[in-house]
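Engineer: Join these two chains into a complex; the hints should help.
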Amino acid sequence: MDSADICPNPDEPLASLKTEEVKSKSGSQKIVTIRWTGAGKTFTSSILEYLTVILLVFLTSISCYLIKEYIGYQIVSFGLLILVSILAIFYGSGPIFLAAALSAVIWDYFFIPPQFTLHIDKPEDLMMLIMFFIVALLNGILTSRLRRQGQKIRVREERTQALYQLSKELNMASGTTEVSVIVTKYILKYFSLESAITLKAESIILGNLHQEGNGIHLTESDFDIANWVFKNSTPAGKFTPKQSSGNYTFYPLTGISGNMGVIAVEQQRLFTQGEEEFWDACLSQISGKYEREFLRSAAKDTYVLSESEKLYKTLFNSISHELRIPVATILGSSDTLMSQNYPEETRQELYAEISIAALRLNRLIENLLNMSRLESGYITPRFDWCDVNDLANKVAENLQNELKSYQLITIIPMDMPLVWIDFGLMEQVLYNLILNATQHTPAGTNIRLKISCDGSLLNIVVMDRGPGFPSSELDFVFNKFYRGKDAKTGGTGLGLSIVKGFINAHGGTIVAQNRAHGGARFNIEIPVKITEIHLNKT
Amino acid sequence: MNNTDIILIIDDEVQIRRLLEITLSANGYKISEASTGKEGLIHAATLHPVLIILDLGLPDADGIEILKKLREWYQKPILILSVRSAEEDIIRALDYGANDYLTKPFRTGELLARIRVAIRQSQDAREDPILTFGSLTIDLASHLVRKGEEIIKLTSTEFSLLALLAKNEGRVLTHQFILKEIWGMGYLEQTQYLRVFMAQLRKKIEDNPAKPKLLNTESGIGYRFGG
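Chains as they are written, first to last, in my numbering: chain A, 1 to 538; chain B, 1001 to 1227.
Quick caveat, the hints were computed from the structure, so don't treat them as lab data.
Treat the hints with care, as some may be off.
SDA-like mimics (lysine to any residue), calculated; alpha carbons at most 25 Å apart, straight line [stated by the list, open to error]: (1) A:Lys394 to A:Arg360; (2) A:Lys404 to B:Gly1109; (3) B:Lys1211 to A:Leu331.
Ranges of calculated distance between the beta carbons of each label pair, as one might list FRET restraints [as the list claims (entries may be wrong)]: (4) A:Pro442 to B:Ile1151: 47 to 53 Å; (5) B:Glu1181 to A:Gly377: 34 to 40 Å; (6) B:Glu1013 to A:Pro413: 44 to 50 Å; (7) B:Glu1013 to A:Ser308: 29 to 35 Å; (8) B:Glu1013 to A:Thr346: 30 to 36 Å; (9) A:Thr346 to B:Leu1188: 53 to 59 Å; (10) B:Thr1155 to A:Ser308: 40 to 46 Å; (11) B:Gly1186 to A:Val304: 46 to 52 Å.
Not close to chain B: a few residues of chain A, all C-beta gaps over 12 Å, as computed [stated by the list, open to error]: (12) Ser46; (13) Ser85; (14) Gly92; (15) Glu178; (16) Ser257; (17) Gln348; (18) Ala358; (19) Asn362; (20) Arg373; (21) Lys394; (22) Pro417; (23) Gly424; (24) Ala443.
Positions of the beta carbon are idealized from the N, C-alpha and C atoms, including for glycine.
Excised from the complex, chain B in its bound form (with noise of 0.2 Å):
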């Protein structure tokens, strides 16, 4: 981590903002605060931060606004901090181009895994065929997939689900994205092939598919792979 790794946090709480300036900080991450949209906007577009956190309720506009705007032309992370919990805000939010979805009350902890993991994402920009989970390796040009020595069978469906989930380590895919990149356009609300899939590959890969530690569930959401 370097010195000039700026978080932007958009909000306008106050008490929310000092919990986060004190954690991140503590943190090594250096921070500058904004509490309306328009003024988030700004810092964004001067001081180039690696990762934005911001909340939906803002005073001045609708989060999903700010979002939109910020996503025409900022390529890093955008992490979600909100008390909307409705799944369908959370989907909206991701589907409009948020890395990650927190809500409030949240704990520290998770917040900072999160984090660590969009950053180190978005600057992985090296395009590695191999990835490497604990005792589990995929090889992207092979198509091939260990758990430690042994080669684990999988058909190509479930290959193309492990690759996208696994690709996007530690973020929320949406059912409805999952499907549309799987099996495309036609196949949106086909949700229980998905379903099937996914308890296929837990069994595969899992060391106990009932208390999976890569496919996780996010509940009414999608899935995340680890994190």
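Here chain A stands alone, though its shape is the one from the complex (with noise of 0.2 Å):
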């Protein structure tokens, strides 16, 4: 909305805006300091006001003057009576006052007879002037004040519409920064006042505001009122009892649970009541802002802090009993090796173990790594044109070891195009899904791969005939460390949250859920280009 629409000024220009970052001294509070630099206003609209009047009655009653001979001189006074009646639409009471005590005075003198004197011959000719003066003065005293009424409830309006653009626009800002930007730029368009907040200092990190120019500067004094008026939750500073022989009124930001901060603002002269009203309603907003705001970050503080304690100690758990294992099998394996002589058969099988522990350590480790690469944000997918037949034979061949007694049954529709997704990703996506699911069912057992593209929906479905996910813990098996009761010993619960990371970077969703005649399934949905050429069908 433009400032002309509501600002009881439009005329006063926005000029740049000035914005600076002062610490007390004492570091209890912070302060942000936006300050806009306008033009000053005149005012000399009702001199221009009377003038017009004044210039508008001569020019009626010289236009009167020409046709009197016509319309005679008694009609002449409805013409301005009309003229006063037209003029109290736009002026206030002092101008219409004017305007019809000149237009009474001209009419006596130019057109009742006898002429250019003042003095009137018939008694009926001076009642009429009396009665042409009160009721030019009644009429134009009614519309004006119409008018005025009118013109309050517009500024009501005006008001109304202002707080809404405040709510809103405060909706949309993040964090206390941002909002002392918006507010001290609201306050200054709908008040014109220039202000300077200062905000309670527990749990907020106010950015790095760009500082120029020298704007509200609150000086050691100013802090100690705006301390004052933080403790006693009262307005102090100019034009209120208390200090009131500083620069700027202070006004509390009080929420429901104590106050927020302060806001000063230099303050011209008091305010008015609907003013006064307006502010009120103001800076409720602003301050209930202040409060979910600090609550909002409260709560993500305690949510991070109790969410890193969690994860620290699954981790230390899960860990180091995945990482401990392995390294006493091969510890131990070695060891044996190496000081007696055991049946060659004992040897070998000895040497399994130890490559079956370090792969489990490797498994370990490059989950590790891929978690942390999720976590850093540093996974961006390599896009490019994937055959999905590739993909899937690929998995299978890399996982041949872990099949061996499964039954991996794949099905790609013959006319499968070729997809735009990164090969490497998806090849780890389906080999966690697949070695989840040898890792949870029971030998012997079935596991389905399909792939298909339903236009530009890549979906990739993997089924097994295991036992399925207990209908609680559905929510949870993407969660990081999330482990099934009955899974074989060898993961460390963070495949399948990897599994969702890599899709999620590919734009894509997965679910997970329970088959109708038992096992699980996983649902993958992801976004994709394709081309028009089908490889199967060439």
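Structural biologist: Here it is in structure tokens:
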């Protein structure tokens, strides 16, 4: 909304934004000052109004004088009366009184016989003059009052609009710094006041506001007033009983749970009653927003803290176990191999154990690395055209040892196009999902991999005939360190959350479900670019 | 294999060097070790190894820089053995002239196989126009491909692609390299062509296209024939 819509002084130009951040010596409060330097405004309009009124009355009188032969002097009074009524629509009571008086005198002097004297011969003319004056005045005053009322309603409406605008702008802001910028701008726009906001210091971090110019600069003594206002929840400073010698007026920003901070404004005069109501309404909105911001950051801090603590514990329990078991196996096996002369068969078994343990360690490291890549936001898919047949074959090849006692059934339609995905990431996704299936299902069962494309939506389904998920845990399976109750050893609970991370990096979704006749089912949907070329048809 | 075959290992990890030394010696190779890039360059110049195993994370220089310097004069195979497993790193190393790439941890069986293929290729100086892989024969001169007795009909692009891969048996060829060689510089981004032709070729020459033995995919990097 433009300032001219609402601002009581639409002529005032808006000028450059100047921001400043000052830190109080005590450190208990931080201050953001955002100053708008606007040009001052002058009031020459009322003089102009009087001059216009005089000019119009004279012009009308002259016109009437020219045609007075044809209409008679009495009709002239109606002409002047109409003029005064019309003027009343545009001007206040002062100019209207002037117009009424002036036109009465003019009528008397120039029109009522004898002309060019103020003397009136006929008593009915005198009556008419008096009536003319009264009617003109009443008419003018009534119209002007109506106009004022209309104006009041308009002002109220504008203020409602302005409040709505404020709440809209505040809603879009996030972080106390952004809120402060919006608030100071808003106060300048709608109140033509420069302001500075100080907020309580806990749990807020002010951004690096650009520093330039010398806007409202709160001195140490100003800070003392602000602190007093903050503690006592009472306005202070200029135009208030407390500390009235200062340059600024300080208002507390009071929320439900106490004061959020203090706002200082460079007020030139007292607020009118209407302005004060509007001001209070704005302040309560602003305080509410700051309160929400504080609560939000507090909640976030608590959440982050408890999450990281939980994560740390789980990580420690899970990882230390997962690391130690294979290391113990490797150490134990190699010790045995070195110390005694066991039969060749036993030695081979121990070698195999070492190999398995090392692979397990390697898988854990891969998972941790992938997890940390995901956590640090480092994952950016390297998109390329991909033949999903190739993808499925590659995964089956990589998992051939794990899949020895299972039947992997791959279903890909004949008209499957090439899809635009990251081959490496999707290979990891399928690897983890199928490996997961082998770890949770009895040997000898089927694992199905179905890949299809519906329009530009790539659909991948991995299904098994294992026990599925407990229905209460369906929502958690992608959580970090989630482990199924009956999982074989060797899992970290990272595999599925990595899967989800990689799918999300593709802009896709994955859901875990239980199949109707038993077993788990993962359903992946990724919006992809596809080629017109159909591989299996050619 | 003769006794002068020296393999140079440039790696700063003592344990890896020891493992390689034990494994390669047991397989009849002579070993020379260097723990820094600088040392590695000197050894390469004085010993003329048949193959160099190079780590990318060296204490004194980036392995890629050493690779570039080696490639200024060293023609024999260079095999990268690194913990860096990002596709970008692998592609970069291959682009700068590495013959092959293995990431740590690796299986020694695979390492030995890659070494054998690389050395055989570099010593195979004669230009044999007929390449044989199991039941598959490729006659480069007459553009004829046979599987057993059966002649396989290939389009000219399919043949060029197969010939390029087969001539570089055991070596990873990056997507970009293949596109440049077969389709030309203007087609470096057109991987969809490559995918389609690879799928067709597999259908024509592989016993089981779902389990390719000759036309292998290297995830996100390229293709490798056999090996």
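Engineer: So, for every hint listed, does it hold in this structure?
Structural biologist: Taking the hints in turn, this is what the structure says about them:
1. A:Lys394 to A:Arg360: holds (20 Å)
2. A:Lys404 to B:Gly1109: holds (21 Å)
3. B:Lys1211 to A:Leu331: Answer violated: B:Lys1211 to A:Leu331 is near 37 Å, above 25 Å.
4. A:Pro442 to B:Ile1151: 47 to 53 Å: 48 Å Cβ-Cβ, so the 47 to 53 Å window holds.
5. B:Glu1181 to A:Gly377: 34 to 40 Å: holds (37 Å)
6. B:Glu1013 to A:Pro413: 44 to 50 Å: The hinted range 44 to 50 Å holds for B:Glu1013 and A:Pro413, with Cβ atoms some 48 Å apart.
7. B:Glu1013 to A:Ser308: 29 to 35 Å: holds (34 Å)
8. B:Glu1013 to A:Thr346: 30 to 36 Å: Holds, since B:Glu1013 and A:Thr346 (Cβ atoms, about 31 Å apart) stay within the stated range.
9. A:Thr346 to B:Leu1188: 53 to 59 Å: Once the Cβ atoms are compared, 55 Å apart, the range 53 to 59 Å for B:Leu1188 and A:Thr346 holds.
10. B:Thr1155 to A:Ser308: 40 to 46 Å: 59 Å Cβ-Cβ, so the 40 to 46 Å window is violated.
11. B:Gly1186 to A:Val304: 46 to 52 Å: holds (51 Å)
12. Ser46: A:Ser46 clear of chain B: closest Cβ-Cβ about 73 Å, beyond 12 Å.
13. Ser85: holds (79 Å)
14. Gly92: holds (75 Å)
15. Glu178: Non-interface label stands for A:Glu178: nearest chain B Cβ at 38 Å, farther than 12 Å.
16. Ser257: holds (50 Å)
17. Gln348: Since the minimum Cβ distance to chain B is about 15 Å, A:Gln348 lies beyond 12 Å and the statement holds.
18. Ala358: Label violated. Min Cβ-Cβ 7 Å, cutoff 12 Å.
19. Asn362: Nearest chain B Cβ is 5 Å from A:Asn362, so the label is violated.
20. Arg373: violated (10 Å)
21. Lys394: violated (5 Å)
22. Pro417: For A:Pro417, whose nearest Cβ neighbour in chain B is about 9 Å away, the distance does not exceed 12 Å, so it is violated.
23. Gly424: Incorrect as stated: the minimum Cβ-Cβ distance to chain B is 4 Å, not above 12 Å.
24. Ala443: holds (22 Å)
The structure shown violates the earlier hints numbered 3, 10, 18, 19, 20, 21, 22 and 23.
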